[in-house]
Amino acid sequence: MSDIDTRTLMSVSGRPPRARRSMKLSLSDIMLRIVAAIGILFLLLPTLISIVVAFGPSRFPVFPPEGLTLKWFTSIDPSYGDAALTSVILAAWTAVISIAVGVPASFGLARWGRGANILQTLARAPMQVPYVVIGVMMLQFFVLITKTTGVPFVGTIRGLVIAHCVVAVPYVIGAVYPTACLLNTSLDDAAYGLGASRLYTFFRVVLPSLKGSIIAGTVFAFLVSFDDVPITLFLVGSNVQTLPVKLFADTEFSFTPELFAVSTLATVVTCILVLVLTKRVGTQRMSGASS
Amino acid sequence: MSSTRGAPSRAIRKPRNPFRVYLIPLFVLQFATFLVPLVLFFRMAFFKNQGPGLVDYDHATFEYLGLIFVDPYYQQVVLDTVIFGLLVTVFTLLLGFPIAYCIARAGRFKETLLIVVIVTSFTSVIIKVLGWKILLGASGPINSILQVLGIADEPLRLVNNLFGAVVGTVHAVLPLIVLLLVPVVERVPVRLEEAAAGLGARRFTTYWSVVLPAARIGLVSGGLVAFAYAMGSFTTPALLGGKTTLILPILIRQQAMTTINYPMSAALSITLVVIVAIVTVVGLSVGSGQRARMKGDQ
Amino acid sequence: MSYAKSFLELQTVRKEYAGRPAVSGFDLTVRKGEFVSFLGPSGCGKTTTVRMIAGYIQPTSGRIVLDGQDVTEMPPQRRNMGMVFQDYALFPHLTVQKNVEFGLRVRKMTSAKRAAIAKEMLALVGLADAADLQTSQLSGGMQQRVAIARALAIDPELLLLDEPFSALDAKTRESLRQEVLRIHSETGITTILVTHDQSEAFELSDRVVLMNSGEIEQVATPRELYRSPATQFASDFIGRSVKLPAMKVEQADAGGIAAFMTKSGSKVWATEHTPSEGTDVVLAIRPETLEIVDANDAESSSATRTMTNTWAGVIRDRLFFGPSEEVNVYVEDLGVELPVSKETRAGTGDWSKGQAVRVLLNAHDVLVIPAHADSALSRAER
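Each protein sequence line maps, in turn, to chains A, B and C.
As numbered in the working numbering, the first sequence has no gaps in its residue numbers, which increase by one up to the final residue, 291.
As numbered in the working numbering, the second sequence has no gaps in its residue numbers, which increase by one up to the final residue, 1298.
As numbered in the working numbering, the third sequence has no gaps in its residue numbers, which increase by one up to the final residue, 2382.
Only chain A is shown next, with the shape it has when bound in the complex (with noise of 0.2 Å):
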């Protein structure tokens, strides 16, 4: 029974429209409402609560905070400084990589016509990988590929690059591959009709149509691998250290004012980029390549 047909009844009937009941609320939807209300406070407050405690004077981080100071965030030690600035080098990295890679990818999945969703569906495989274990094969192919080239991987930039990358493709083809498949096929074929070849086509019609959620997905790669530890664990070493790792191994073995410091500019950090994303690329893009 459509609307239409259900209001006519209502009225004929002389009851008042029992849509009116919606209006008022029941038991159960207030409910719903608390439930709901609590659900978005519960994901908020351990965070919110960090960067109150992040404030606080005492040497032993206490929740409420018995004064407000900036001395954990002035007295930040410098090796914090230099895990993050390798952190932002290794996701910018990881973001380039996984774009040159991803994006092509994408364009390619959803041109393909027949058996297109197998090979997605095998793109996307790394993520189907606990990231834990992810973590130990790279740290043994790592090895092994040193033991036979004598390059250095672990310990090293460039093996963590590689890691992250296999995380962070599959990030980037969740991003850009739903609007490839929207992106029509008489558009490049209209400039190849024009006289463009395939690598003008690429660069000058399909990438700018993809812009939107090549850079959802460039920043996607850039905090997945910018937040990692489980498979950072295992790949750093003595000269390199990312922040998360690094945070890691200090609040497993200890608990100070300044780990709530730090974590609190970097979240500042994340939260203004994903904010400005967002904006930029509105929340349904956002949501939808998140899982």
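Hints listed in this document are in silico derivations from the structure and should not be mistaken for laboratory results.
Some hints here could point you the wrong way.
[As the list claims (entries may be wrong)] Here are the simulated lysine-lysine pairs, BS3-like style, with alpha carbons at most 25 Å apart:
(1) Lys1243/B <-> Lys147/A
(2) Lys211/A <-> Lys2098/C
(3) Lys2342/C <-> Lys2353/C
[Stated by the list, open to error] Estimated spans, in silico, between C-beta atoms of each pair:
(4) Leu1192/B <-> Ala2167/C: 29 to 35 Å
(5) Arg1157/B <-> Asp82/A: 32 to 38 Å
(6) Pro57/A <-> Val1148/B: 20 to 26 Å
(7) Gly113/A <-> Phe2320/C: 48 to 54 Å
(8) Ile1024/B <-> Pro57/A: 54 to 60 Å
(9) Gln128/A <-> Thr1061/B: 52 to 58 Å
(10) Arg280/A <-> Phe1069/B: 47 to 53 Å
Quick reminder that beta carbons are idealized off the backbone N, C-alpha and C, glycines included.
Given chain A, work out where chains B and C should sit, using these hints.
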């Protein structure tokens, strides 16, 4: 009409897909840096461990995979991992569906709420873990509230155990599941709910018998994502679970980094990947079976 | 058909998908400056054919010759053809002018030259003022004009229009047709239009290629196609007709009029030349060629013509459409109901149900279709 009839007809040829060139970098990368390392690593599980970090490739063995099946220690770890995964899945869906429902039907607040969820989904695991350590700590806000309310006489142990690990992991996976479920709820037509209300159904009945069944396929796939995520999660349980939460990812790291028994670590990895794969396949077939049944209903 | 010079030649072009022919044995010669339409129902292979001409699809066998050069293996990039798509296919990230300039930019033309050509082309399609707009700001009809300007900007050998009007509303479609007609007469460019709409094909083209199930049914001028469909499919697809299986019983006389015997045993006069006596044919009668008169007036009316078929009938019902109406007359002799289409004019509405009338049909208006040439349609049904 045409003067050159009977032009030599060329042999039928099978054109190669011109788009394969776009996929070459991807599959080269995945072959060299994913498939090969994965196979090499899994292969270790079938050879003998020869002291820390050494594998004897001359002696093949099923010892390590076999141990996981027969040794009560490993059986317990596998069982704990599955229980952990199930707990996380159940609580994620219980919290995630109402949130997704409210966001999907939130009207003008929808965008704002979505942004909150998106931002939390990208927030680093470490700051969340630190927050939970404060919240769940012996002198933390939650224990204080419980004591003030008289629910608990002394601080409850909420962190560095399974509880802490589950809470933290639910928190980590929840945004992803909400983002996955919002479009699912959006596809349930409001009209269905109005029709149910028009037929005199109470709100609870409407949710239970109209909204949930319509969103069933989405819930199944959301549950699968949550389960796979939980089974593979490492950072949060490692930091919030304490020494008592021994699940597969943590044991895999232990075997690889502390004990340095690579064959065992590989055998545990195979177990983990296989469990996740089995659950995914079973879940997907249940999901598609329901889809077929719903089609039949129409 | 003899044309001065063949410009585009398709020689037994065939396309198979997984062993099934989508286009089989397509032979066609198009002369320079001609406007040819590929007309047919969806899935008849018309789009496949035009895409083979443009080079997007490689034929399985056969040759495509353009201006004396075999282009069968040539990629679309090098064919220099202007293709216009159903969904416009304008580049969303470029302005109107940049869209038109795209093909020129590929050809590495200087920006001044590009701008001049783009200006000229946009003026040609009546969009001189829209150069700096984003394509998303334009209506569907305007977007298609930009697409035509873009296709023409590269000075193509051929203009290929693939269902260019079907995404547009009726009014826009009509005005854009006029535009295309004007552009064709101004530029004189050889044009191929793919369409499923016969009025579109008739209005625009010099010749129509009627296609069905991957094969050519008939190639003819619109008038020929309408007036003398070569196959049953052609008579079914083009316009409307009532069909009567019949057999030739008398050869044509000096006036070219032969006699046919229908299954019901009545004689029908028709102009026709080829088949010999005893040949099975199908006679097709179009509603607008019939005329009805009062049963009593028949004598006076038929007296003024020679060889006019006259049948007695009874009016079954009437359908009023506005500019025209249709009167359904049951003709006992033929055993069929004939729809008679009439323009609405003063004094023409005085027919009533059950009234006895006479139906008149000029022998020249009877379409005679060889029964064996039923080709693709009945093959598909079998």
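Do the hints match the structure? See the list:
{"no.": "1", "hint": "Lys1243/B <-> Lys147/A", "verdict": "35 Å, violated"}
{"no.": "2", "hint": "Lys211/A <-> Lys2098/C", "verdict": "18 Å, holds"}
{"no.": "3", "hint": "Lys2342/C <-> Lys2353/C", "verdict": "16 Å, holds"}
{"no.": "4", "hint": "Leu1192/B <-> Ala2167/C: 29 to 35 Å", "verdict": "33 Å, holds"}
{"no.": "5", "hint": "Arg1157/B <-> Asp82/A: 32 to 38 Å", "verdict": "37 Å, holds"}
{"no.": "6", "hint": "Pro57/A <-> Val1148/B: 20 to 26 Å", "verdict": "25 Å, holds"}
{"no.": "7", "hint": "Gly113/A <-> Phe2320/C: 48 to 54 Å", "verdict": "51 Å, holds"}
{"no.": "8", "hint": "Ile1024/B <-> Pro57/A: 54 to 60 Å", "verdict": "58 Å, holds"}
{"no.": "9", "hint": "Gln128/A <-> Thr1061/B: 52 to 58 Å", "verdict": "27 Å, violated"}
{"no.": "10", "hint": "Arg280/A <-> Phe1069/B: 47 to 53 Å", "verdict": "51 Å, holds"}
In terms of the numbered hints stated before, the structure departs from hints 1, 9, listed from lowest to highest.
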